[in-house]
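*Asks:* Here the structure of chain A is known, so what remains is to put chains B, C, D and E in place on it, guided by the hints.
Chains as they are written, first to last, in numbering that gives the first Met the number 0: chain A, 0 to 353; chain B, 0 to 353; chain C, 0 to 353; chain D, 0 to 353; chain E, 0 to 353.
Hints listed in this document are in silico derivations from the structure and should not be mistaken for laboratory results.
Hints should not be assumed to be uniformly reliable.
Which copy is meant is left open, because identical chains are indistinguishable; a pair holds if it fits in one copy or across any two.
Said to hold, decoys possible - BS3-like cross-link-like pairs, simulated, lysine-lysine; straight-line CA separation at most 27 Å:
(1) 254 / 100
(2) 44 / 30
(3) 212 / 351
(4) 25 / 44
(5) 77 / 254
(6) 44 / 318
(7) 294 / 350
(8) 294 / 351
(9) 294 / 212
(10) 212 / 247
(11) 100 / 247
(12) 349 / 294
(13) 160 / 77
(14) 193 / 212
(15) 160 / 30
(16) 350 / 212
(17) 44 / 157
(18) 247 / 77
(19) 349 / 212
(20) 193 / 351
(21) 247 / 193
(22) 254 / 294
(23) 254 / 157
(24) 100 / 25
(25) 77 / 24
(26) 350 / 100
Because the structure is a prediction, the values reported are computed rather than measured.
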Amino acid sequence: MPRFVKDVSCKTGLPPGTIIHCGEKKTEEVKITLIHYDGDRFEEKELTRVEDAFPFKDRPTVTWLNIAGLHRTEIIEKAGDIVGLHPLLLEDIVTMGQRPKVEDFGDYIFVVLKMLHDGEESGEVEEEQISLVLGSSHVITFQERENVVFRPVVDRLKNGKGRIRTSGADYLAYALIDAVVDRYFVVLEGLGEKIELIEDNLVADPSRNALRKLQELKREMLFLRRSVWSLREVLSFLERGESSLIRKTTRIYFKDVYDHAIQVIDTVETFREMLSGMLDIYLSSMSNRLNEVMKVLTIIATIFIPLTFIAGVYGMNFKFMPELEWRWGYPFIWTVMVSMASAMIIYFWKKKWF
Amino acid sequence: MPRFVKDVSCKTGLPPGTIIHCGEKKTEEVKITLIHYDGDRFEEKELTRVEDAFPFKDRPTVTWLNIAGLHRTEIIEKAGDIVGLHPLLLEDIVTMGQRPKVEDFGDYIFVVLKMLHDGEESGEVEEEQISLVLGSSHVITFQERENVVFRPVVDRLKNGKGRIRTSGADYLAYALIDAVVDRYFVVLEGLGEKIELIEDNLVADPSRNALRKLQELKREMLFLRRSVWSLREVLSFLERGESSLIRKTTRIYFKDVYDHAIQVIDTVETFREMLSGMLDIYLSSMSNRLNEVMKVLTIIATIFIPLTFIAGVYGMNFKFMPELEWRWGYPFIWTVMVSMASAMIIYFWKKKWF
Amino acid sequence: MPRFVKDVSCKTGLPPGTIIHCGEKKTEEVKITLIHYDGDRFEEKELTRVEDAFPFKDRPTVTWLNIAGLHRTEIIEKAGDIVGLHPLLLEDIVTMGQRPKVEDFGDYIFVVLKMLHDGEESGEVEEEQISLVLGSSHVITFQERENVVFRPVVDRLKNGKGRIRTSGADYLAYALIDAVVDRYFVVLEGLGEKIELIEDNLVADPSRNALRKLQELKREMLFLRRSVWSLREVLSFLERGESSLIRKTTRIYFKDVYDHAIQVIDTVETFREMLSGMLDIYLSSMSNRLNEVMKVLTIIATIFIPLTFIAGVYGMNFKFMPELEWRWGYPFIWTVMVSMASAMIIYFWKKKWF
Amino acid sequence: MPRFVKDVSCKTGLPPGTIIHCGEKKTEEVKITLIHYDGDRFEEKELTRVEDAFPFKDRPTVTWLNIAGLHRTEIIEKAGDIVGLHPLLLEDIVTMGQRPKVEDFGDYIFVVLKMLHDGEESGEVEEEQISLVLGSSHVITFQERENVVFRPVVDRLKNGKGRIRTSGADYLAYALIDAVVDRYFVVLEGLGEKIELIEDNLVADPSRNALRKLQELKREMLFLRRSVWSLREVLSFLERGESSLIRKTTRIYFKDVYDHAIQVIDTVETFREMLSGMLDIYLSSMSNRLNEVMKVLTIIATIFIPLTFIAGVYGMNFKFMPELEWRWGYPFIWTVMVSMASAMIIYFWKKKWF
Amino acid sequence: MPRFVKDVSCKTGLPPGTIIHCGEKKTEEVKITLIHYDGDRFEEKELTRVEDAFPFKDRPTVTWLNIAGLHRTEIIEKAGDIVGLHPLLLEDIVTMGQRPKVEDFGDYIFVVLKMLHDGEESGEVEEEQISLVLGSSHVITFQERENVVFRPVVDRLKNGKGRIRTSGADYLAYALIDAVVDRYFVVLEGLGEKIELIEDNLVADPSRNALRKLQELKREMLFLRRSVWSLREVLSFLERGESSLIRKTTRIYFKDVYDHAIQVIDTVETFREMLSGMLDIYLSSMSNRLNEVMKVLTIIATIFIPLTFIAGVYGMNFKFMPELEWRWGYPFIWTVMVSMASAMIIYFWKKKWF
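So here's chain A without its partners, still in its complex pose (with noise of 0.2 Å):
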């Protein structure tokens, strides 16, 4: 639970635009990657200092600038002068716990996104970090460490396959953007999976423990579903294509993302109601077993308690009590005996108790 609010107190009382970084420190060392290409060259290098990059701002080629560790602001800092960003902009890069959301600064455009993976060891859902910067040639993106979600982008740009290599920075962002929500799609699966697993053991063995897994998985849900209708917003602004930025041929592709995210959405919502479905099926399971132990205890219950009397009945040390001196007193008495206990039986048999 902590996770809901955890690092967004961190700055409270600092000036605005005070770049700090807040937050979990995922990675020790800093990479910083620079990509250029046009429809004819690629090349990509690592670089020790942000400042390296500047030489490369202004030419024709489309730039990436790819900082993956967010910790020494100093970079960011850097980084955020070498195409001028606002001051607000980076205290988001650098402040997690952000929703996912773009600004349109006019002449870069301003998106922060969430990476979702299934953590490994908290078996939770986890999310990283990652805003990108789209300018008219370059786009620079910051993560919170180096993970392999951009890969196959940066495999394709340096195979020159499909249309990335002579489709400009929109594209690129694009690109970039569609590898992420495409996570969505591998952690919803996983999800999917445990749901299942989960319902098959609350019909099982509607144990408490069930419900505990059931509520987990509702926070997760919960958790997600946040994440993906922000994430709805920042995609539906790309797919309108307010922006010059974006060239209309490139808008059909945010159109195409922007399907993804309404079908991650969908699938959220149906998970959603079908763990409240679940909910529903599991209190009903528990009154069930109730009701069954009930019923045995009841059948019991009914069956000997007047027997029990009877047998007291003649247990009494009255001396005058005619039966006990009748020959046939005892046989009689076991035949009463064994009649009510048959009408017992044939009265719970006819409410379909057994």
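*Replies:* Leaving out everything else, chains B, C, D and E in the frame of chain A:
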């Protein structure tokens, strides 16, 4: 459950516009049918190669190309070449699990629909994806396998019944979409019957099994609802007639299908609320049963436990128990016990426990 | 339940504009009534052939043609020919199960309404479909069977009461629609009484039967709600007066009917919430009953089980049980048992179990 | 409950604009008060005939005509004649059960409001309908009976306090509406106290009676909510100042009343959620009680049933039962029984059942 | 609870614009602080009379007048005179229980905010009302009592840190509002911890007390939610920058606070859903407990009741009971009883009741 997310992640990591068939293969052969007609003529022929459709493209007649079977993606690509379809569109055609949607590409409109039918084996509602491209004088449809839903339209074309032969490609598109939407009513009727059946069962025998079926139906509804709300959006777009490809005279027909979609939504929402109401009935039936069981137990126990106590008292072996010696002790104690039991029974009777 | 989907699928597969009566036949004969009037004159006559209405079409008076009985579709078609109605509209007229709707065809407005009445036999709210076509100087109405709802309007026309004789066809349409909407209040009043009755029953005797009735009423509400929300849309359209057929002076009257529709919606929604509240009462009544039953059982069992144990102890046959020999054993043990019982009773008293 | 639908159907079948008083008669006499004032003068007089208000109509002063008592419809009609009110408006004035609404007739604005007060006898919130017509230099108000709500406004007029004497008819209308809305806070305060009381009761003694009161309050809220949401719409219209009758300087005052209405809505919605939460508390209190009852039963039964069995065993009359002969049999069996009881008690203690 | 309606009705019946302090008096003294600064200078002084602020009004520097303590209304009125504030605005300032709101008066903007802090004594979230008037070169703030929330802003002004000294009155307003919004995160963090604590308690010991705390937290959330949604509206207005008083460069900062408000809403909504989920856990824990209790009872009763019956049978005093005479009767009956008990135990074991 798996169908909610199944095919979605199958292309993760591939570049956009990669045309890979993503979903279950439902037919072995691909069947390509070409129909072209105007007020006077009607011709239907089966093609072995989709390229053979090329010559018909520029004729003044209306041309309808139907491709049943989507796993041979090269056929889809060639069909796309004939009228110059966007790669993303082709990708959508071969990727199952799309939401119903409509996209206006200017000189053609792309529509994805879901055709519903009751799955024979599974008993679940199944859906097949149908894509439709409407150009100025041609319609191209893509189906997962050849199914009967378009048959009545072909027949009307052949027989020249109604205004279909003289009304252009947009009217043909309308007729095809109308045929798809009409299937929803058939499926809903089947679901309506299932709901009625379950309701009767719930009341007669509120077993856990009934609850399971209830939940399955709720899930069907969830599934259906997702589908029909998207469908509504599609039809709303077509009915507004924002594209010049849809003439004013045809718009009124799209308005009619739109009304049908609203009726479908109404019915689905009504079913959903009915299923919710049935859950309430189920849960209170369970409560009722528990109450009944407890009443039986309580009546029996409350009557006999005190009596057994009395019998127990006179079963004690104290030396000096005057009652035991008394001549009328035994009949007297029977009188006492019968009176107590009667009092109890009258009490329960008054409380309406019987 | 079947009525939610009954007639909808009856024309699946037929070409649009096919005019086939789809629904229950509620009358044997078709009755065609023609009324024409202006400020001075009023004439009402029954026609045997709908063609006889033709000559009145171009007169300066207002003409109202009412057709009661929809199964003879050739009559509907001919009526459509008189003023040139669109085939889809004629199809809607003879297809029961339409939602209330309004369509503006330029030179006429087409309105579908539902007239409600309490079904005598079924006890359910039943609806009849009423279609209305408003032209510049004529109104055509189509009913499933002749019913009394339009009678007051005819009387007002005949008597020349109010402004109805001098106010044109749009005012006549208003008067007819107003008459239909007024019926809703009557039906709601009936439902309100039913709800009150059930509520009293629920409290007095929370049987399963009461729950069944509750659910039936909820379903009625569902049904009604669907109807009134559509009605609201229809009236909202008319009240906005977007068509030139509705004059400004008449719009204020449509606004008035619109207000009535809002009141109907308010009432329906209030009823829905009341029924929900009653379900809560029912469920907690059940809980309460269970609590009471369990209290009785627990009090009796808790008092007598220990006593029975004591009696059992002194019913043992051990040779050496000093108490049994003791002169005051028996009275003493009675004292013990009475004290224990009293203690228990005081305990339960304090816990407010009585 | 009846009040939700009571008066609505009372005019079914009558022509629109029929001015018949529809509702309970709350006063015997009709009291007509005429106030006219400007910055310098103030005059208040009671009229016997409403026609006497005519001469004041064209004076430069602001005229306020208040009519308390609506059952003598001829007075309402005459008042309508003075400023030429629409018949539908007059109908609304005398028909109780209207929703708060506003209508702009161009040269006058018609407002219907609900004045709330706590019903002395019924304990329910009661409402009185107040209609207000705002013209360029006059205000006409219609009340069901004379009530105190307008008294402070009259006093302020008389004393010339505030800007009321110099601010025109629209400011007077504002002052009157403000007085009506202020009453809502008083009523809400009363309801808030009731809710607090019920909450305390629910916790102390979760009886069925408390639930009944809870449901009654929920219904009050339903009733109130309907009223305040309509009120909000009315004030929103006035605050937007679309009519030229409301000057810009007065709009800011209407904005203020609008804010009050929002506060009322906030409070009503908060109360509704609180009542929902209280139902949860109630239901879980019931569960808790059942648990407690069952624990008592289980503890007693579980301890004594095995002991009674043991006693029963040694009450058997077998000839050869060696234990019975044994010298220490009786003390030994007591030891056994006490140990068993202690073990049970320890077990329950550990399970925290005490 | 009272705080939901407390102060609202305190001015019922008074003319609008009456400036009466309505709410709890939180400070004895009124503290008036005047700060004026530009890029070069900074001066802070405490005023004894608010009139002393007059001369600073027309200086080119930015002026910030802070008034802490609202019960001496004459001070508020004089402050209002300095810049010509509307009486309704002054009324709002001194009336506690306002919703956060913003009003644009053309040459100044009026903002009402709620500052949250954890109440030390009550443990509840408490709110203080802060009003802020933004003019072209001055800001006036009104607080219920002097609190620390504005301290960091004063410090930044004094030290000239950040762009605050050079950025005009709108930036100062931003800085103050930002400080207030930041407090929400602190309060949310506290609530998050409380929720975690309750959740742990609910699982460990689902007592009625835990439920009470749960309900209290839900109420806090209700309270908070009302506050933050209004806050969102306020910030949305400021961020849209419709007033010329807020320059374009400052708007981006307001956008930032707006984002914070959205985060606050997200968190509040998440908390609300978590609390709902916890209620489900609580209720099913209760059910679970009942099931367990009933199982214990049923096992004990089902095993021993039949055994007691058997013992009872052989406790009967019939003269002719052959078994009693039998040499091995007693051991045999023990064998029967042990077998029965074992069979029961195995049965329950198989049913997984242990």
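*Asks:* All hints are to be evaluated individually against the structure, with a verdict given for each.
*Replies:* Now the hints, each set against the structure:
no.: 1; hint: 254 / 100; result: both (17 Å within a copy, 12 Å between copies)
no.: 2; hint: 44 / 30; result: within (11 Å within a copy, 51 Å between copies)
no.: 3; hint: 212 / 351; result: between (35 Å within a copy, 21 Å between copies)
no.: 4; hint: 25 / 44; result: within (23 Å within a copy, 47 Å between copies)
no.: 5; hint: 77 / 254; result: between (33 Å within a copy, 24 Å between copies)
no.: 6; hint: 44 / 318; result: neither (111 Å within a copy, 102 Å between copies)
no.: 7; hint: 294 / 350; result: both (11 Å within a copy, 14 Å between copies)
no.: 8; hint: 294 / 351; result: both (11 Å within a copy, 16 Å between copies)
no.: 9; hint: 294 / 212; result: between (30 Å within a copy, 24 Å between copies)
no.: 10; hint: 212 / 247; result: neither (46 Å within a copy, 49 Å between copies)
no.: 11; hint: 100 / 247; result: both (22 Å within a copy, 20 Å between copies)
no.: 12; hint: 349 / 294; result: both (14 Å within a copy, 17 Å between copies)
no.: 13; hint: 160 / 77; result: between (33 Å within a copy, 20 Å between copies)
no.: 14; hint: 193 / 212; result: both (9 Å within a copy, 21 Å between copies)
no.: 15; hint: 160 / 30; result: within (26 Å within a copy, 32 Å between copies)
no.: 16; hint: 350 / 212; result: between (37 Å within a copy, 23 Å between copies)
no.: 17; hint: 44 / 157; result: within (12 Å within a copy, 46 Å between copies)
no.: 18; hint: 247 / 77; result: between (32 Å within a copy, 25 Å between copies)
no.: 19; hint: 349 / 212; result: between (40 Å within a copy, 25 Å between copies)
no.: 20; hint: 193 / 351; result: between (37 Å within a copy, 25 Å between copies)
no.: 21; hint: 247 / 193; result: neither (41 Å within a copy, 49 Å between copies)
no.: 22; hint: 254 / 294; result: neither (59 Å within a copy, 58 Å between copies)
no.: 23; hint: 254 / 157; result: within (25 Å within a copy, 39 Å between copies)
no.: 24; hint: 100 / 25; result: within (22 Å within a copy, 40 Å between copies)
no.: 25; hint: 77 / 24; result: within (20 Å within a copy, 51 Å between copies)
no.: 26; hint: 350 / 100; result: neither (62 Å within a copy, 51 Å between copies)
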